[in-house]
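Chain A is fixed; fit chains B, C and D with the ligands onto it per the hints.
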Amino acid sequence: MAVVAQNGGRPSPAAPAAIELRGISKAFGSVQANRDIHLRVERGTIHGIIGENGAGKSTLMSILYGFYKPDSGEILVNGQPLTITDSQTAIRAGIGMVFQHFKLVQNFTVLENIILGVEDGRLLRPSLSKARGVLRRLAQEYELNVDPDETIEELSVGHQQRVEILKALYRQADILILDEPTGVLTPAEADHLFRILEGLRAEGKTIILITHKLREIMEITDTVSVMRRGEMVASVKTAETSPEQLAELMVGRKVLLNVQKAPAQPGKPILEIRNLRMVDDSGVERLRGIDLDIRAGEILGIAGVSGNGQTQLLEILGGYPEKGSTVSGEVRVNGTPLALSGAGCNAAERRRNGLGHIPEDRQAEGLIMDFAAWENVAFGYHDAPEYGRGPLMDRDAIRRDAEGKIRRFDVRPPTCDLAARNFSGGNQQKIVVAREIERNPDLLLIGQPTRGVDIGAIEFIHKRIVELRDAGKAILLVSVELDEIMSLSDRIAVMFDGRIMGERLPQNATVGDLGLLMAGVDPATAAPGDGIPPSQKHLEDLPRDH
Amino acid sequence: MDKMPKWADVILTPLISLVLAMAISALVILAIGESPMVALTTMIDGALGSSYGWGFTLYYATNFIFTGLAVMVAYHASLFNIGGEGQAAMGGLGVALVLLSLPLPHWALALPAAMIGAALFGAAWALIPAWLQARRGSHIVITTIMFNFIAAAALNYILVNLLRPTGSMDPASARFPDATHLPKLSDMALALGFEWGKNTPVNISFFVAVAACVLVWLLIWRTRLGFEIRAFGKSEPAALYAGINPVRITMIAMLVSGGLAGMMAINNVMGEAERLVLNAVEGAGFIGIAVALMGRNHPLGVFLAALLFGFLYQGGGELALWTTIPRELIIVIQALVILFTGALDNMVRMPLERMFLAMRKRGA
Amino acid sequence: EPALIFDLGGKFDKSFNEAAYMGAQRWADETGGTYKELEMQSEAQREQALRRLAETGANPIVMTGFAFGDVLNQVAPDYPDTKFAIIDMVVEQPNVQSIVFTEEQGSYLAGIMAAMASKSGTVGFIGGMDIPLIHKFECGFAQGFKAAKPDGKVLVNYTGTTPAAWNDPVKGGELAKAQISQGADVIYAAAGGTGIGILQAAADEGILSVGVDSNQNHLHPGKVLTSMVKRVDNAVYDAFKNGVEPGVKVMDLKAEGVDVAIDDNNKALVTPEMQAAVDEARAKIASGEVTVHDYMTDNTCPVQ
Amino acid sequence: MDLNTVLQILDSAVRLMTPLLLACLAGLYSERAGVFDIGLEGKMLMSAFSAATVAALTGNVWLGLCAGLSGALLLSAIHGIASITFRGNQLISGVAINFLASGLTVLLGQKIFGLGGRTPSLTPGAELEAQVTPFRAWLSGTAGPDTAGWLTGTPRFGEIALPFAESLRGVPLIGPLYAEVISGHSILVYVAFLMVPLTWWVLYRTRFGLRLRAVGENPASVDTAGVSVTRLRFAAVAIAGLLCGLAGAYLATGLSAGFVKEMTAGRGFIALAALIFAKWRPWGALGATFLFGLLEAIANRYPNLDLGIVTVPSMFMNALPYILTVIILAGFVGRAIPPRAGGEPYVKER
Ligand SMILES: Nc1ncnc2c1ncn2[C@@H]1O[C@H](COP(=O)(O)OP(=O)(O)OP(=O)(O)O)[C@@H](O)[C@H]1O
Ligand SMILES: Nc1ncnc2c1ncn2[C@@H]1O[C@H](COP(=O)(O)OP(=O)(O)OP(=O)(O)O)[C@@H](O)[C@H]1O
Ligand SMILES: [Mg+2]
Ligand SMILES: [Mg+2]
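Protein chains in written order, with the working numbering: chain A, 1 to 546; chain B, 547 to 910; chain C, 911 to 1214; chain D, 1215 to 1564.
None of these hints come from the bench; they were simulated from the model. Take the hints with a grain of salt, since some may be wrong.
As the list claims (entries may be wrong) - List of simulated lysine to aspartate or glutamate pairs, DMTMM-like, C-alpha gap at most 25 Å:
hint	chain 1	residue 1	chain 2	residue 2
1	B	K780	A	E403
2	A	K69	D	E1558
3	C	K921	B	E580
4	B	K744	C	E947
5	D	K1562	A	D417
6	C	K946	B	E580
7	D	K1493	A	E154
8	A	K323	B	E782
9	D	K1493	A	E153
10	C	K921	D	E1341
11	B	K744	C	E957
12	C	K1194	C	D1208
13	D	K1562	B	D555
14	D	K1493	B	E782
15	C	K1029	D	E1394
16	D	K1562	A	D36
17	C	K1164	C	D1114
18	C	K1029	D	D1216
19	D	K1562	A	E74
20	B	K780	A	D417
21	B	K907	A	D71
What the hints assert, rightly or not - Computed footprint of chain D on chain C, listed as stretches where at least three residues anywhere in the stretch have a Cβ under 8 Å from a Cβ of chain D:
hint	stretch
22	920-934
23	1087-1099
24	1126-1140
Stated by the list, open to error - Label pairs and their computed distance ranges (CB to CB):
hint	chain 1	residue 1	chain 2	residue 2	range
25	B	L648	C	P1212	44 to 54 Å
26	B	P792	A	E330	19 to 29 Å
27	A	E330	B	V793	20 to 30 Å
For glycine and all other residues, C-beta sits at the position ideal for the given N, C-alpha and C.
Just chain A, same shape as in the assembly (with noise of 0.2 Å):
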């Protein structure tokens, strides 16, 4: 390892860095979260943090934040010692923070989200126009546009976290924390993201970068720091280090960043989808006749910002279509046609023969995170005749089988009787990714399977993954991520606003082309179109079937 590890307890440079922590631990309870930190943030850079999952990353910037108090340990904030017991002396001391999870309240409006906690007197109205006129000033200074009477159930992620950072501009803050900003971010959005940041830093702001993309990290951050189980392990010149090295000090060994997969050997059709159409209980259309085809041995990777209808589909292949929406159309899985509606419709009844389901948001659906690890294995599966007689559960045939997957799925820790919700969520998607895949589905759905995932992680599942193509089963792939849908399909569709744009072959697309068509321009008509996903549009907009 070439890198000097640098703990803290050098002497100060002229300039005092914005950011100095010394010291710093963390405990919740038994678990060491943080042990004895230093970082060094100097002023105007970007410094970034990179760390598997529960490395305790979040527990750092959320200590640097006032959201938790550190067991010991002291904070510098440009030079001077501060004493952060809660979230105001952060803000007061310009420390604005982008969590993971956004802290935003669902049914308010941007700009009620916006003044919240920094309201300018007892009354609201004064607030809400004061901010009005700086968020348009914002908005026009770091293209950070919103509607700011919009609520936020309504916005689409990246717009949630725009209000997010709008939030943290708003507090004035001059020291921004951003934690795994992009992973919910479309390529797009993400480089805009990272033209406002570099925008941030050009007027002298300190910016401190969360996330699990290496490639990120080379392009934007000029310092970089990696942890480890809750120790800070190097921190390097960004200039100075490769994306191969960070990746060997996060995991602790080699990890390869590319997908390693011979060419598909595709057979008889599996999946054949025709002229699929859905309108949703409000009377929006949200697919609008879609027609797809797997064969058997062939990933088919689906592209597309978040919102124009893949998770319909897969909600509908999946056997369970939206509360109160009407589908219409054909699905056939190997010749048999599905129904689509009423009481063949149904999710157990679609996993009896033969389909596999990696869902988009593996903490609402994939998993019931009070469960333990071994009833999550036989989660959607619990009607599956080995796992019982007659109504009785066999809860032993139910754990040796957990235990198999999770110690051939490297789920860490490696105990089936810890509750889903205290693995980190890489760990929680190996257990969903473990129960889907090792049934051998004949067809295997698969939303956003590496979301917020550590690149350790994502290395075994994207193996597993072309495993089971390579075995002879269709995959339908969604995902954000284009580097992942580049690196795993062997076709790409694109989707737009309920429509699949184009199909590609990953051999001969670009970020460009691709780009485009999740923009809703078809490259070949040139069609206008603006490029925002429908969910972000005034539902009145939208064409109504009746």
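Structure of chains B, C and D with the ligands alone, referenced to chain A:
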């Protein structure tokens, strides 16, 4: 990753909470000018000091087990069934109708028949709120509250106008036939050759209640249906993803819940009163909420909590019967026990956790 | 040592348990004797209480309320040497005295007074829980009222169907106001603690009310027309003092078991004609010339 | 049914809905801040008792009101400590508070007055004199003779005739409506009705309201904004206590004249139902509680509905408000979505 050993969490915490509740109760007793020592010994003596006291304690506990289990089962499907009171009342009606209309020659036949009647009526009374929740999204808390009132009115009408023998002052049904009288635990003890709990109402229903605990435990933690109920209760979107039908689970959970609440009637109506009286449930449905929550929604916990409340009920009853302490003191004591063991448990747990953590650190 | 058992309503129910308590207390004051008393907490305790008292040698044992009937029927044979008395219910056992009151007769008198005091010709009756016993009050009241004012009108309300119906003065007051707005100017309250609210509302609105069970004339002097007193206190006092004589003891008008209370608080409201009419009715009932129908016998009331 | 009957029913509905409305708004503050409160019943009962007790002892209803507010606040504090400070189960805490109030009121009442849990009647008379005289004597003994004059108030809230009620009576429709329905209630009724716009204004137009709503939806958002979740929730729970206090005081010293055990008779639960019905909104609360009041008033007015062929028995009419509630709920009010963080204690560190 536990902060403290399981035994400390499961046994030490409630025990200390209980002691705290009793200490405050003692202060209340002092404040109204009575002696806490006398009160405590009267209660313990009256409820646990003799087979006689135990007979009553177990009788009340039987009621609370049924209503506690009822609340618990619904709770696992994240349905808050406040309607135990009405469902138990309707269960009583089911028992009365079965026993008064069918010529059942022996209790061994009458008991299963009455159980079916009780469970059916209780379940039926839970069915409408369940359906409204599943299909129309009407909040189950409101509808079950309303159904308690409606049950009271319906029962009042039925008892006064339909089931009451003419000329009787008492708005109560006729007595059930002698052949259907359930064996009391005291009779069973006598048959085994010793005297236990003479003239106490505890009867064979107690064993039914214990069996119900076991069955409910099996249902919730050992069957596929129970798995679905718990999964649905924890996360509805996940249940949908897994192919669990929300309507079906809501209905089943509420039917089981209502059936359990209704089954309480085999204890109080069939076993004790041997006829249906007005207000036979006497608030057991509401105590079931406390029992389920205190029992941490586990049948064993429900059983223990029901025993505790049976003890409080009987001990308190004795207190009011044989001392000058007003009977409302019991309600205060119950309130304090619920408060300290159910809601203020962290007040005890947090320092304990810190203690154990410190101990472990020193040990390590 | 005699014993007294109160029903679930409790010793201070503002109604007949309280009256029983007064009777026992009077006996204790007069004789200096002591007695045991018990308040029921739950249905299941009835048998327990009876047996425990019998076993500790209490004699006689007096209990209030029809709800004891069934249990007493079972328990009494086990203690042939103990004498029991039950109020408001007939239990046919050789060692049990059943004390029943002719509430319909007392209510009849109250009905006559209400009819004569009413200017509007409309009076009200508010019962507690909707149970047969209370219909007995209602029916007697209506008969008396109709006897004096054949074309008058009796409005009838019941507070509820749960035991809360006995303790809801707010609802009682509201029912009284509803009846007042329909023209009632005398309201008869047979509703335990709820009655307090009814009498209050009547006094607030400036109309008359009729109390029940014990003498409630003093609650709002000059505003309570009378109270239909049910001398449970006398019955208990008697049982304690003179012992219990198995059989049915009917506490009717003649035996001064029921009556309308006239004292300093309502003297001004009772006109001489009213007094005369009441006296006449009382005599006629005593002589059997007038019979007041008892709702309990056939669950119907001859007048509406 | 003539106009007069309608007016009388409306008048009755206004009285009946007032305690429900106050309790419902109490629940609204608490639950909007993320603290579920099924202890409304207990707090009302406690307040009714304290208000009646102090009013009976001092002969002054305003002191009674203060006592009522304090009584309810005390229980609120317990709820707050249990469910906010110690992150206990809010439902259990509420159940405990209901039991506590139901027991304590009778226990204390019996200790103070010896009337079996009842307080003396608050109408001027012998019963009240017996209580008030010693207190006034004691007061003038300790604080000087002329201080007894402070307490010349009434022991009960009287009815307030609004200006021009009588002179406007002649105006068709509006006149009688004003005179019969709107005028002639106790001051607490007007307070309750004013609470509706006030609550709306506080909730949607003030900083406090914004933060309160936020803390019930996503407490972490408030916490990361540097505002204390604990303090906000305590404030909300305290407001709930005050409103329950008003409701209880109205029951005992406005609508009736004294305390009777269990006199709240389930109104706290009905208020809870109304709150869900109202979807946790102030104007909705007004509508929902009015509906409940109206249904009860109608049932009171028509105890035996004679439909010609059959007479609907009184038991049915008594249950009618509840039956109608279920029907309305099933038919007209869709799914009610409670505040997202409701019922969950705010825990930063799992
Ligand atoms: N609220 C909490 N309660 C208890 N333990 C926690 C909590 N948050 C974090 N931890 C512990 O702290 C450790 C560090 O967690 P943290 O969330 O900081 O990791 P991370 O590096 O941000 O992971 P990720 O990449 O998944 O976001 C975890 O392993 C966990 O054991
Ligand atoms: N109560 C707990 N006890 C012990 N460890 C815990 C507990 N809760 C969480 N953890 C640990 O927290 C770590 C991260 O959990 P966390 O919930 O922060 O994941 P996450 O940050 O949401 O994941 P992702 O980054 O994928 O979104 C895991 O290592 C897990 O073991
Ligand atoms: Mg994380
Ligand atoms: Mg993190």
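The hints, checked one at a time:
no., hint, in the structure
1, K780/B with E403/A, "23 Å, holds"
2, K69/A with E1558/D, "22 Å, holds"
3, K921/C with E580/B, "19 Å, holds"
4, K744/B with E947/C, "23 Å, holds"
5, K1562/D with D417/A, "24 Å, holds"
6, K946/C with E580/B, "19 Å, holds"
7, K1493/D with E154/A, "20 Å, holds"
8, K323/A with E782/B, "12 Å, holds"
9, K1493/D with E153/A, "18 Å, holds"
10, K921/C with E1341/D, "19 Å, holds"
11, K744/B with E957/C, "12 Å, holds"
12, K1194/C with D1208/C, "23 Å, holds"
13, K1562/D with D555/B, "21 Å, holds"
14, K1493/D with E782/B, "21 Å, holds"
15, K1029/C with E1394/D, "23 Å, holds"
16, K1562/D with D36/A, "22 Å, holds"
17, K1164/C with D1114/C, "35 Å, violated"
18, K1029/C with D1216/D, "22 Å, holds"
19, K1562/D with E74/A, "21 Å, holds"
20, K780/B with D417/A, "17 Å, holds"
21, K907/B with D71/A, "15 Å, holds"
22, 920-934, "holds (count 6)"
23, 1087-1099, "holds (count 4)"
24, 1126-1140, "holds (count 4)"
25, L648/B with P1212/C: 44 to 54 Å, "38 Å, violated"
26, P792/B with E330/A: 19 to 29 Å, "27 Å, holds"
27, E330/A with V793/B: 20 to 30 Å, "27 Å, holds"
Of the numbered hints stated above, those contradicted by the structure are hints 17, 25, listed in ascending order.
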